[in-house]
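Chains as they are written, first to last, in our numbering: chain C, 9 to 230; chain Z, 1056 to 1308; chain U, 20 to 245.
No wet-lab data here; the hints were simulated from the structure.
Take these hints with a grain of salt, some might be off.
With a Cα cut of at most 16 Å, we get these calculated EDC-like pairs of lysine to aspartate or glutamate [what the hints assert, rightly or not]:
#  : chain 1 : residue 1 : chain 2 : residue 2
1  : Z       : Lys-1167  : C       : Asp-91
2  : Z       : Lys-1087  : Z       : Glu-1065
3  : Z       : Lys-1087  : Z       : Glu-1061
4  : Z       : Lys-1088  : Z       : Glu-1061
5  : Z       : Lys-1117  : Z       : Glu-1065
6  : Z       : Lys-1132  : C       : Asp-91
7  : U       : Lys-205   : C       : Asp-138
8  : Z       : Lys-1117  : Z       : Asp-1148
9  : Z       : Lys-1087  : Z       : Asp-1267
10 : U       : Lys-205   : U       : Asp-77
11 : Z       : Lys-1190  : Z       : Glu-1237
12 : C       : Lys-129   : Z       : Asp-1148
Residues per chain, in single letters:
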Amino acid sequence: MIKSLLVIQQGLPYMLQGAVVNVIVVLSAMLFGFMLGLPLAVGQVYGNRFLRRIIGIYVWFFRGIPLLVFLFLFYFGLFTWLDINVSAFMVATMVLGLISSAYQSQILRGAISSLSQGQMKAARALGMSDTKAIVFIILPQAFRLSIPGWTNEYAILLKDSAVTYALGVTELMSRAHHIASRTYEHLAIYLAAGFIFLIFTYIGTKALNILHKKVTIPGCSQ
Amino acid sequence: MKTDTEPILEINHVTKSFGTNTILHDVSLSIKKGEIKVIIGPSGGGKSTFLQTVNFLVMPDKGSITLAGNRVNPSDKRELCTHRRQVGMIFQDFNLFDHLTALANVEIGMIKVLGMKKKAATERAMAELDRVGLKDQANQYPAQLSGGQKQRVSIARALAMDPRVMLLDEPTSALDPELIGEVQSVIRDLGKGGMTMIMATHQIGFARSLADEIIFMEKGRIVEQGSPDELLAQGAATRTRDFCARIAEIGGE
Amino acid sequence: MIMDELLYIQNDVMPALMKGTWISVLLIVPSAIFGVCMGVLSATARVYGHRVVKFAGDTYVLLFRGFPLLIQLYIWYFGLPRMGIYLSPYWASVVTFSLCSGAYQSEYIRGALLSIKQGQLAGARAIGFTQLQTVVHVVLPQALRRALPGCGNEIIYLIKYSSLAYMVTCIELTGQGKILASASFKYVEVFSIVGAVYLLLVSMATWILNSLEKRFAIPGFEQHQA
Ligand SMILES: Nc1ncnc2c1ncn2[C@@H]1O[C@H](COP(=O)(O)OP(=O)(O)OP(=O)(O)O)[C@@H](O)[C@H]1O
Ligand SMILES: [Mg+2]
């Protein structure tokens, strides 16, 4: 028991540094996923039938295959095959971002379609082009409605980021494994790692909740 | 306020179907500057659809719209936006932008569509809010306003664009009875100020006192049109009068 | 060249992946069933239970939803031997998946139970139902319908997360893929097929769940899902 606690205490800074890597991977992936997911969502709501179909297939594809399979496919497969040298960190971020883009597109799509048709109509009636209407009227409202979804997405991604250990990204999970296999304190170390994940999930969730409160507008939430 | 010039807005032979369901059958209407035309008729008769074809929120299948002598080509995006900018629209359920304050709702068209500077837009927006009696509510969000206040903001929003014609689709239908008066009086003032308007309404008394011409629309066709006195006079054997009598029985107007 | 490829796929890849898929199914099905059971139990405890039971249920859900699945897997597989409990890779995976999945199911079922309006229970009492009759004839039929979309989604997640069993050397679909690909270095080919199999499994499960939802649909219980 005492030994377990000592091992945890000694490993803590090393593990916390790992958790920072997780957070960096997740935030970059979310940003990347947002940049892809936003046009996907807009296309899925306002695009023609063909575009909607293509986006539907994209979403189905990235939501239907496990993260681990994508990681192997991209890291050992695609990039090696194309003879491009990328770090495990980059691949992990990219894969998480691609998967997240599919989920984020659905969060945003849900938010956009929950707005009343009247918002678009009124914007057009003022003489706004569809692009202007989407940028100035639809998206500012949709983003606000999406924050709870993003909070959820952050929590999911953070936990999923532990899987990038399979590529050797030196994040929390891999560091925990490293300590555990040297000290044989598997139980204690993995429990500690689990709690660190829990804490970082909590911090991120709290931060997003505060943001949610900050930007919230009367009558503009679900 | 009537002037005997060319019509400012002409709607020619507009037809619209949804699927196999034809909602508008070859509807034509023209209106001169300063005129007020009021459309009445049973629910589902196509009033809203008709008004929305005028600014192409609903694309007509056939027919054309001519504004100030210029026949609008709706497939030219720029021309379409210019046309819509010049035609103000008031919706039954207000459609204020929920994420913007009353003031920002009025400003946004001027800034994003007309390209006005923020400062000038704010000044004009405040003037318009003042005109509809809502200067003090400028910083409220739509959710914090009553129905009547929302509709007045939406009128201010349309006016700020300096429209040549206003379309009003049952502007008081979604309001509690005690709030109808404040919106009606704003609309009345607009008419006195010479605004050209086409309005759909179920408020017969209001229609009668305001309209230069009443248009009775049923099943997607204009069945009758004429001055309120012609159509609604005691003993006039018109469909319009029948309809109004029936509404009066139910609604007690 | 292409012939070689096809022969490799036909003779080596397909049989191994079939075997792996079968193991995956053997992981997913029991975990899904145990998961739903855990979910129902813990949700009932959290909604109707005594304070202590409620607290236990809440803690269970907090921890098992809060810890990454991979960490939970390592705790059961690498951590428990420390306490004298040894689980095979397969059983460690099933236990992990069931408990984690149960925690998520618990949330959906709890939400469904809470959504049942007081009036429904009053109505049941008014026509003389006993407690048990109320649960069987009123609460469950309503709650299960409300919970179905969420629970179904969770099972779809489970299909994908079952791939993590490979990390504790339970050689299922992903594991078979990794072994094949490491030997032949044909990662793109092998993992494309592996991915396709998962897509197939997920799509089949989605289809079944949608049909179930349709089969049990009642006006007023529609749920719109992204
Ligand atoms: N987008 C649409 N798709 C299909 N049918 C539509 C659509 N919009 C309107 N309709 C149909 O067109 C008909 C006319 O509708 P419209 O709203 O124009 O009538 P209205 O005269 O404004 O009625 P109300 O007095 O109730 O407002 C209705 O039968 C309606 O169901
Ligand atoms: Mg209407």
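Ascending list of hint numbers which this structure does not respect: Hints 1, 6, 7, 8, 10 not satisfied by this model.
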